[in-house]
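Engineer: Knowing the structure of chain S, use the given hints to seat chain U on it.
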Amino acid sequence: MEKGGDTVNRIVIGIGGQGSVIVNNILRMLKVKTGKMPKNEEFLIIDTDQASANACNEVEERKKIILNRPDTILMKNSNRWLPDPYLSAAGAGCGQHRIYGRAMYNVHRERIFSAIGSAASELRNRTGGKDFFIVMVCAFGGGTGSSMLLDVAIDIRDWISKQFGSEPVMFGIGILPSSREAMLPTGNALGALKELHFLMSHTEDVIIDDKNYSNPFKLFFLLGRDLQGQNRDDELERAIPRFLLDLGFLPGGTVETKGKWLDLNDLQNRARGYENRFDSLGYYECVFPTEKLFLYYDIEDEIPVVRQKLVEIEAKISDIKGKIESERGELERFEGRIRDVQREIDSYESVTGMLSHVNVAATADAKAKLDRAKKKLSGLKEEVFNLEMRASDAEEGKRLSERNLERIGALKNKLLREINSPLNTRSYHQIELSEEEIRGLKKGREDLKNLSFFEIMKKLDREEEFFRWTHSPINEGDVMFNPMVNYRHSIEDTMTSKYIDILHDFGFLSLDTQGNVVNEEEKFGHFIAVLSTRADNFDDARLGGGAFKSMVTERFTKDADILKLDTPARAHSFAIYTLMIGIQPWAPGPTLPPRLRELEWLEKAYDESDFAKLQRHHSLFYGTPKPFSVISGIPYTPGVEEKNRDMVTHYWENYEIIEKEAIWNNVPIVLAQCLKMFDDLLTGLDMAEDIKNVRIPEPESYSIANLTMLVHGLENASKSMEKVKRWTKEAGRGFMHLKNELDELISKLKGIEAGTPGEDKAEKMLKMIDDSARNMEILIDRIEDLSNRFSDDIKSVIEKAMGFLGKIPSEDTTSSVLRHIAKAESEISKIREDSMKAAKGIREMGGPLAMMLSSLKELKKITESGESEAEVAEERKGKDIELPDLSLNMGREGGE
Amino acid sequence: METLSIGILIVIMLLVIEVMVMLVKLKVDKMLLLMPVIGVTFAVMSFALNQYKKILSSLSDSAQDVVIYVMLVVGVIFGLFSVAVWFRGEKEARRLVSSAKRIDSAVAGIESDIRGSNMEIEHFGDEMSGIKTKMADYESKEKEV
Chain S
8 MEKGGDTVNR
18 IVIGIGGQGS
28 VIVNNILRML
38 KVKTGKMPKN
48 EEFLIIDTDQ
58 ASANACNEVE
68 ERKKIILNRP
78 DTILMKNSNR
88 WLPDPYLSAA
98 GAGCGQHRIY
108 GRAMYNVHRE
118 RIFSAIGSAA
128 SELRNRTGGK
138 DFFIVMVCAF
148 GGGTGSSMLL
158 DVAIDIRDWI
168 SKQFGSEPVM
178 FGIGILPSSR
188 EAMLPTGNAL
198 GALKELHFLM
208 SHTEDVIIDD
218 KNYSNPFKLF
228 FLLGRDLQGQ
238 NRDDELERAI
248 PRFLLDLGFL
258 PGGTVETKGK
268 WLDLNDLQNR
278 ARGYENRFDS
288 LGYYECVFPT
298 EKLFLYYDIE
308 DEIPVVRQKL
318 VEIEAKISDI
328 KGKIESERGE
338 LERFEGRIRD
348 VQREIDSYES
358 VTGMLSHVNV
368 AATADAKAKL
378 DRAKKKLSGL
388 KEEVFNLEMR
398 ASDAEEGKRL
408 SERNLERIGA
418 LKNKLLREIN
428 SPLNTRSYHQ
438 IELSEEEIRG
448 LKKGREDLKN
458 LSFFEIMKKL
468 DREEEFFRWT
478 HSPINEGDVM
488 FNPMVNYRHS
498 IEDTMTSKYI
508 DILHDFGFLS
518 LDTQGNVVNE
528 EEKFGHFIAV
538 LSTRADNFDD
548 ARLGGGAFKS
558 MVTERFTKDA
568 DILKLDTPAR
578 AHSFAIYTLM
588 IGIQPWAPGP
598 TLPPRLRELE
608 WLEKAYDESD
618 FAKLQRHHSL
628 FYGTPKPFSV
638 ISGIPYTPGV
648 EEKNRDMVTH
658 YWENYEIIEK
668 EAIWNNVPIV
678 LAQCLKMFDD
688 LLTGLDMAED
698 IKNVRIPEPE
708 SYSIANLTML
718 VHGLENASKS
728 MEKVKRWTKE
738 AGRGFMHLKN
748 ELDELISKLK
758 GIEAGTPGED
768 KAEKMLKMID
778 DSARNMEILI
788 DRIEDLSNRF
798 SDDIKSVIEK
808 AMGFLGKIPS
818 EDTTSSVLRH
828 IAKAESEISK
838 IREDSMKAAK
848 GIREMGGPLA
858 MMLSSLKELK
868 KITESGESEA
878 EVAEERKGKD
888 IELPDLSLNM
898 GREGGE
Chain U
97 METLSIGILI
107 VIMLLVIEVM
117 VMLVKLKVDK
127 MLLLMPVIGV
137 TFAVMSFALN
147 QYKKILSSLS
157 DSAQDVVIYV
167 MLVVGVIFGL
177 FSVAVWFRGE
187 KEARRLVSSA
197 KRIDSAVAGI
207 ESDIRGSNME
217 IEHFGDEMSG
227 IKTKMADYES
237 KEKEV
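These protein sequence lines map, in sequence, to chains S and U.
Residues 8 to 903 in our numbering are what the first sequence spells out, letter by letter.
Residues 97 to 241 in our numbering are what the second sequence spells out, letter by letter.
Keep in mind the hints are simulated off the structure, nothing from the lab.
A couple of the hints might just be wrong.
Said to hold, decoys possible - Residues from chain S shown here face chain U by an in silico Cβ test under 8 Å; the list is partial:
#	residue
1	Ile320
2	Glu337
3	Leu338
4	Arg346
5	Val348
6	Ile352
7	Asp353
8	Ala369
9	Leu377
10	Ala398
11	Arg406
12	Leu418
13	Met558
14	Leu621
C-beta atoms are modelled at their ideal positions from N, C-alpha and C, and glycine is treated no differently.
So here's chain S without its partners, still in its complex pose (with noise of 0.2 Å):
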């Protein structure tokens, strides 16, 4: 990304508690790393809960928009639409219902308006730039940020554009709930995701009213919290923040680097064409463990060091206690001593006369110096009573030291068993060194700072180690797998070979040199890996960074970037950054799942809610129905508030996350799914054709022999009409199935006006279609003729049985041929029965299989003449602008 001289303003919003605390994470790195806000960067945080606004430390009082739930009077007032069960909202903030959230937000519009606007206002003053750059986070399961955030979009990008002539490039970054979440804002997330791709799928200009309700977002990144079924938040904190501060987003945090990587026009670029659909990224990073292992060192080194002072000082306190107790004893017999003196002083200066000789001198000075020590001594006695309580005082602080000690020693353990063996994750990987390693790096500590982590690792023996986990990602293309998402990349992963080679028979699915399926259709738009590490760690050869390109643009991505980013700073990492742009969520074809994981259980939480409930999930464009009836084309009645609401509900209820285009890849797999179906059922009637093969001896061979033997066949005979019958009704069940499917996917390209499939594809089609209608036209033939026949040949197998059974004579009618004949009767008449039952069900998928004829005939209508609006389209089109495939196909068409 640029850097220096940059003027682009960059304005970071979190939205909701998630979304601030990214913000609040993203700030604390940047303080980190430069010690200072840069100057072309501010960061704001909108929520409703006053608790989690303030855990956000790091963003400044004045930037944090914190709203109050209006009392229900005011909510009323300002939100007529609004339910009455949603005028106030239970637990904190919004209380996970976005139909409040939206309701806030119309409320607090001004306050949010006054509080951006001031922000981007001073940036413009600062750097005097008049382009913007927007960045705005949230989780898409509460109540706030889900709700505010397409509302955000709209108003800032209408506003800046208007305010400073020139729209603002705006990503947003949505996360995910995981599969583990409460129903509520597990179907708050695919309520987001529904309108959030509705005005995505908007890329022109959509003017209402003087406000533009197109696609505000050039990038919209998806992240999950559950990834691969384990919770990923920490990672997502971490990852969200280092992925805008290390690649330049926010270039206020930007590591060091030499040369750039992409601008943000490079990107936009790179995204054009794919603003309608999502984004995701991902993140990787192996390290070697430089820091943890000086810290461990340092440590080592220290605990010895602070033991032994521990040990001095406590032998001192001791000595100093044993001194206290000494001097409060010296002192003590001092004061007596003092004592003796005085009396003594007092009885030489008592005595008078003649015979006796007083030094008064001496007497006043002796008596001086008895005074200033006998001050002393008070004051002594005192000072040793609180050297006292210091030396327990220090005593105690020795104590504590010695556990402060031991915490160390913990400490220094646990630095050890994470330098072991430490734990690692899809996106992150230490390299583990053995305590063998770590004593060995030891003395040549000073030299690791300077080496890089190439250099450390084949200092280690362990280069080929070295590349598996920084080059073969690329090499190999597992960093294709690790977005923050889940994202299934293939219909592969989804489909069994038996479809997969009927779609590849058609044309629909190719084959790479390795064998695996490659589906133009499914492959997402752009996918670009930046790696990040120090020069000297890179090995062009080893990282294979063609290879790599060739195989994800050939299997995954209609196109790819690797781009080396040279960071000193990171002699001892290496980070992989991807970048995912234009995936396609939804599933492949009706019946598989979707492509995004997370769709499964978001639709099964959202579908959980009945109408009533159904609100408490939506927000976007209730109480302005006029815009969403001109977009959607919907009409509505003015001033029926209720009305409208559920008009607004009913639409999102039905509302698909898919692109209208993609309805037509769901026809080949219908199709598949058809010819497959025909497959098997041609395999069951010919499994039912096989009964009345059935062995049975002539009726004058009566041999004791043949009786078991037609025991027998007649047993497999009735366990295969047992199973016939079964399959009949289960066959019935899948058509029926098959059938609504069929109808379905045809209402659909009727309805949404799903466009055109391209000509060569509708040729594949329309070549399926005949197929599974031939072969249709062949199964109804064969059901008829063996739903007529069927009974005679079982009737006949039967009676030849029986005739078999009659010709026994009474004269070999033991017990145990008498068991035989009983058992052969009773199979006799369950095949009799089952029969019955299996011809009737034969002659019923006659039925389905006749609408469903009709349905692919219905079908190959749409695909013809789909085929030739494309051709009218075309020509149309053909006068302005020229399309290269496609007209070029045309014109030879056209020709024809």
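Structural biologist: Below, chain U alone, put in the same frame as chain S:
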């Protein structure tokens, strides 16, 4: 003048010097000063009697000499006794002063010991707070790495 008189005069002079020294230099108590003064008086009386022996004419020559000598000896004794008394008093005073001095210096010794211990404890405190800071530093570093 005969030899005895000269001798007595010397004794008188010595006694007078003693009185003067005791009075001026040693500043002894007046009562103690009385003793050498009495001694001087006896010596003067002995001198006077020696000079005016006719006062003692009623006595035999030898008796006269005895009187004169006795008086002189008494005077000398007074003089010497006063010196002895002074010396004894001084000795006692010196003993007392030296006792007081010893106590004073011993107490001062204890005082410096205590001050030393105080300083040592202060130093331990610094060292221990240094350890504590270092430990806290390690702990915070551990969170960073």
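Engineer: Determine which of the earlier numbered hints do not hold for this structure and return their numbers in increasing order.
Structural biologist: 4, 7, 11, 13 and 14
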